[in-house]
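Put together the whole structure using the sequences plus the hints.
4 protein chains.
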Amino acid sequence: MVFVLKKNATEEKIGAFVKKIESAGFSTFLSTGTEHTVVCLIGNTAKLDIDLVVQTNDIVEYGRRVTEPYKAVNRAVHPGDTLIRVGDVTIGAGFFQVISGPCSVESEEQIIKVAKSVKESGATLLRGGAFKPRSSPYSFQGLQEKGLDFLLAAKKATGLPIVTEIMNQTQFPLFENVDIIQIGTRNMQNYDLLKEAGRCKKPILLKRGFSSTIEEFLMSAEYIVAEGNPNVILCERGIRTFETMTRNTLDLSAIPLLKQKSHLPVIVDPSHAAGIRSLVPALSRAAVAVGADGLMIETHNDPAAALCDGAQSLDLDQFRELCADILKRAAFEGKRMR
Amino acid sequence: MVFVLKKNATEEKIGAFVKKIESAGFSTFLSTGTEHTVVCLIGNTAKLDIDLVVQTNDIVEYGRRVTEPYKAVNRAVHPGDTLIRVGDVTIGAGFFQVISGPCSVESEEQIIKVAKSVKESGATLLRGGAFKPRSSPYSFQGLQEKGLDFLLAAKKATGLPIVTEIMNQTQFPLFENVDIIQIGTRNMQNYDLLKEAGRCKKPILLKRGFSSTIEEFLMSAEYIVAEGNPNVILCERGIRTFETMTRNTLDLSAIPLLKQKSHLPVIVDPSHAAGIRSLVPALSRAAVAVGADGLMIETHNDPAAALCDGAQSLDLDQFRELCADILKRAAFEGKRMR
Amino acid sequence: MVFVLKKNATEEKIGAFVKKIESAGFSTFLSTGTEHTVVCLIGNTAKLDIDLVVQTNDIVEYGRRVTEPYKAVNRAVHPGDTLIRVGDVTIGAGFFQVISGPCSVESEEQIIKVAKSVKESGATLLRGGAFKPRSSPYSFQGLQEKGLDFLLAAKKATGLPIVTEIMNQTQFPLFENVDIIQIGTRNMQNYDLLKEAGRCKKPILLKRGFSSTIEEFLMSAEYIVAEGNPNVILCERGIRTFETMTRNTLDLSAIPLLKQKSHLPVIVDPSHAAGIRSLVPALSRAAVAVGADGLMIETHNDPAAALCDGAQSLDLDQFRELCADILKRAAFEGKRMR
Amino acid sequence: MVFVLKKNATEEKIGAFVKKIESAGFSTFLSTGTEHTVVCLIGNTAKLDIDLVVQTNDIVEYGRRVTEPYKAVNRAVHPGDTLIRVGDVTIGAGFFQVISGPCSVESEEQIIKVAKSVKESGATLLRGGAFKPRSSPYSFQGLQEKGLDFLLAAKKATGLPIVTEIMNQTQFPLFENVDIIQIGTRNMQNYDLLKEAGRCKKPILLKRGFSSTIEEFLMSAEYIVAEGNPNVILCERGIRTFETMTRNTLDLSAIPLLKQKSHLPVIVDPSHAAGIRSLVPALSRAAVAVGADGLMIETHNDPAAALCDGAQSLDLDQFRELCADILKRAAFEGKRMR
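In order, the protein sequence lines correspond to chains A, B, C and D. Under our numbering, the first sequence has 314 at position 314, and the numbering climbs by one with no breaks. Under our numbering, the second sequence has 59 at position 59, and the numbering climbs by one with no breaks. Under our numbering, the third sequence has 27 at position 27, and the numbering climbs by one with no breaks. Under our numbering, the fourth sequence has 161 at position 161, and the numbering climbs by one with no breaks.
Derived from the structure by calculation, the hints contain no laboratory data. Wrong hints could be hidden among the right ones.
Computed list of lysine-lysine pairs in DSSO-like fashion (alpha-carbon distance at most 30 Å, straight line) [stated by the list, open to error]:
#, chain 1, residue 1, chain 2, residue 2
1, C, Lys-195, B, Lys-195
2, B, Lys-195, C, Lys-146
3, D, Lys-335, C, Lys-328
4, A, Lys-113, A, Lys-335
As structure tokens, this is what we get:
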């Protein structure tokens with residue numbers, strides 16, 4: 001059950017209301033949205049009379065039963081879309097952003113070169129891996145702190161906000177100057193990492209676990225929002241199925257479902273899903289048409305020599321061509337970039 | 001290995017060439033395309049000298065090794081797209097067709113009503129189930145022969161060619177007046193049915209098995225074409241995964257993959273994939289953008305009262321609205337209906 | 001809802017009872033078990049008063065609501081285990097049978113040789129494929145009718161009852177002398193084949209579809225039993241998952257589940273599940289321990305030269321050793337062969 | 001490529017050998033087994049002449065190419081089975097251990113009661129969750145540090161070594177007195193946690209990711225061993241498939257495969273795989289027969305009131321009965337507990 005509070009509710013009155021609720025035996029958490037504060041009750045609320053609560057507490061606008069296990073990320077709680085500002089870029093419904101860059105940052109020169117090129121092509125955010133989760137301990141693990149420095153240099157050179165992946169909950173101080181912190185597919189259920197992400201206030205790009213259901217995905221977002229950080233961007237990146245011709249199966253049905261069930265922005269990563277360069281353009285076009293709020297596309301200045309995931313990276317010319325097409329299509333869908 | 005023959009090759013010369021190949025220990029089959037006849041060799045061709053064959057047989061245009069297990073449906077064999085004519089409708093690259101109608105034909109009145117409406121909305125083919133594969137022996141099994149009669153009445157009333165599902169290889173005589181014969185997802189590896197479909201000359205709409213790989217899908221098409229029927233339309237309709245929020249997971253990556261690997265037309269059935277009406281519009285738009293040659297969308301005059309699959313059917317007004325949007329998008333992609 | 005009739009119920013009285021039920025608007029089917037006849041009602045029975053029916057119809061022993069969609073194969077309907085007699089062999093709870101033989105019958109000499117050897121090793125039934133479902137139209141499709149003749153010769157030479165796969169519903173007359181007719185994994189939802197199998201009285205060995213749920217598996221068995229043939233043997237043979245190291249993932253949890261939910265015998269095919277010879281012994285031992293009523297193990301006189309599935313076949317010596325171990329373990333579980 | 005060193009190789013000589021190899025451009029790591037030290041080379045070893053290395057370095061016993069991406073956990077590297085001692089308990093080939101206890105530690109009284117009972121029934125290790133990974137932030141997250149204290153109290157009371165799950169790489173100091181540290185299914189690819197587990201010297205019980213392939217599972221074990229900790233116990237606990245009747249599908253084929261490919265001990269957790277109490281006995285019996293080195297079975301003093309996973313827990317009497325059966329079967333397989 002959730003209670004949506006009136007706009008003018010003072011902190012004092014909110015505190016008193018929460019205290020009253022908790023003394024009745026419920027746990028609560030506050031979800032502070034852009035317009036309203038919402039008080040979510042956790043526990044068996046079957047016997048609670050919503051109308052009585054609304055009538056006897058003048059700061060309560062209305063109450064609602066929410067049967068899904070996720071509350072704070074539930075569209076039934078916040079009907080309005082969450083919009084996330086990063087620099088002068090807005091992510092969420094009505095907008096369309098293209099995030100691009102290499103799987104791994106390989107050198108300062110490389111990342112600046114890629115950043116300049118993708119910016120010119122139309123990308124509005126730069127991605128690049130500094131810490132890399134690799135299934136083999138003998139594979140290249142990323143440039144680590146140095147990779148972060150190079151990303152920041154690229155940000156300085158181009159003005160593009162940067163997105164990069166965090167590996168564990170002790171690393172947040174290192175990511176102080178990162179604009180959007182990515183939580184990768186293998187960490188989607190790393191709950192201690194999610195909780196710490198909830199305590200940080202930066203936007204979090206949460207990738208769907210490669211074998212996680214949509215409900216589990218929303219529950220992981222719930223961990224972050226319930227801990228106090230409402231700035232979560234969901235990212236569909238392919239799920240593991242029996243099909244072996246593609247690396248994963250991009251689940252585009254998840255986009256309209258997530259948009260129906262949650263108010264959070266949803267973007268698509270076609271590069272990791274397919275694992276095959278030649279499929280990226282068609283899947284990108286489909287992602288725009290299916291209603292995604294953005295794309296995350298891997299590019300590399302020299303895919304054949306990439307230290308990881310070269311087979312799925314577009315080169316800078318291929319990206320330029322694709323990005324122009326994508327932005328035209330996003331405009332057709334009524335989306336804008338600024 | 002395949003040998004593409006010159007356009008003017010006479011039947012006599014082709015026969016002599018085939019005889020020569022077979023006397024060398026290979027099985028062969030002929031694939032008679034719209035422009036060329038192709039002779040496919042089955043067997044270990046490792047030691048065969050392609051150039052020698054081309055030089056010593058003047059009806060041979062060129063030869064090629066094809067390593068995939070599918071030959072006749074392989075784009076490496078027929079680089080040109082297969083176009084299938086049904087009445088005045090063309091299915092294949094460059095065109096876009098919308099097939100619509102109810103899961104089950106329920107009465108003559110109903111199917112005629114639906115047919116008129118979907119035609120007016122822009123559909124160019126009518127679908128409707130007469131024989132229904134149902135997982136329970138106690139569920140409605142379709143109107144059977146009577147259902148076929150009602151479909152034919154609807155065809156007469158509207159001029160729309162009809163598509164309907166066959167259940168086993170003894171039924172082909174019953175389907176004499178059907179325009180496109182559908183082989184359903186559970187029958188994709190019913191090889192005796194596929195072989196008989198290959199002996200019949202009608203267009204076959206082959207649905208992907210709900211747990212079949214793309215390669216298995218192409219091998220099933222190969223059964224039909226190898227038996228002599230080149231008119232196969234592939235249909236992606238969702239695969240079984242761990243996700244339970246949708247009935248199946250629509251594998252849109254399969255569309256560009258199938259188009260790369262094969263010359264056959266590829267359409268998408270978003271209704272059975274999702275199993276949820278509200279997802280059909282977004283998935284339909286994505287299918288257009290990803291490069292499909294058409295859509296198969298379930299509609300019903302009264303979905304709440306449908307004898308099967310009502311939850312995924314659009315009503316006639318919803319379909320009208322969607323179809324207008326889809327046709328505009330198909331035009332944007334440079335496709336035409338006639 | 002089902003009504004279990006008293007043992008002494010005459011056909012006349014049963015007919016009258018059924019007529020009465022049907023005149024009340026229900027469909028029915030009779031399931032004639034070894035001890036009782038059961039009348040299953042299909043339709044909405046919510047308002048039917050079970051007690052009233054029992055009290056007012058003296059041939060009714062008791063009534064029961066069965067909420068699962070499968071009725072005739074439901075253990076709630078027939079609490080007693082189904083036992084199937086084939087020659088002097090009994091299949092079902094309390095017994096353990098080993099079915100063995102090659103994937104394909106290759107010659108009369110071969111199948112007789114294998115039959116003699118596996119019989120000596122302890123197998124009680126002979127399997128061998130005459131009609132082979134193959135994913136490629138260019139693969140060996142079996143010796144067909146000739147293969148059946150060779151199997152019958154092997155039966156004559158050894159006395160072993162034979163099990164072989166049927167491909168479509170027109171073939172039943174050809175299978176007149178076959179002891180157990182196998183319906184393969186790709187045909188598990190070929191409903192016309194299931195219905196015809198229900199009209200035939202021979203034991204049917206029904207393999208689980210490689211991507212079918214346990215409930216779908218039971219529904220396919222229900223098709224056969226509802227049509228009048230109670231002699232169905234269920235066979236778990238591996239399901240399709242993301243794991244690629246084995247051909248399929250043997251789902252041994254299905255055995256105790258199927259035994260809980262149904263009264264039908266359940267056997268295991270470890271050869272097709274694993275696709276790797278070296279795993280067959282361990283999986284066979286596990287199948288005995290988990291409660292299976294038998295095993296179906298592929299053997300070949302010369303696996304390296306087998307026309308199909310050689311990689312998973314045991315040679316005759318390996319089978320002898322495994323079979324001795326298996327029979328000792330079956331005895332440990334309190335099972336007997338005769 | 002790996003080089004197995006002679007038993008009497010001194011540290012000095014080993015150091016010199018490693019230096020030589022590394023100066024030739026390879027990375028190395030040392031795997032110090034119970035009998036031999038093994039030097040694994042990482043990098044492209046295609047041009048290296050094994051014989052030359054063996055002949056020119058007298059501490060080298062023999063060399064071998066290992067093509068699998070996992071080296072240190074590969075049976076080709078260490079043919080002998082890894083045995084792990086915990087207190088007076090040995091885990092590995094030839095032995096069979098039963099680990100039992102509740103999903104969550106709920107109170108000191110509870111865990112001591114369960115520990116005494118399962119010890120009496122034959123369990124040789126006690127499990128219990130103190131930190132619980134839960135998919136909802138609102139579910140009980142375990143008693144945390146207090147739970148660890150209660151486990152230690154139960155260890156003191158019974159002498160049973162304890163197994164409990166760690167959540168992140170900062171917690172190792174808290175687990176100083178824990179005997180076996182469990183890494184859960186959702187953390188199987190938490191590489192920072194794996195690396196830290198490699199630096200700790202305690203036995204690690206590594207659960208297979210619920211959607212991880214066998215190769216990925218071995219690569220995660222490789223992370224731990226490559227970092228210096230050879231004491232890894234693999235645990236199969238069910239994989240995610242399309243089947244919904246069980247929580248996961250227990251992949252028993254993985255046991256003989258893991259034993260073939262690796263020298264590490266392998267145990268089975270049937271409770272989490274099935275999620276249904278009534279399947280646990282049959283699956284436990286199958287696990288013994290398939291060749292597992294032990295079982296991990298959930299028990300609870302009062303399953304109906306358990307704070308988590310009650311539906312899959314055996315009560316103490318059910319466990320007593322099962323454990324007696326299991327130990328008899330383990331003896332039948334030639335396994336011993338001490």
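For this structure, which hints from the list above don't hold up?
Going through the list in order, the structure violates no hint and respects every one.
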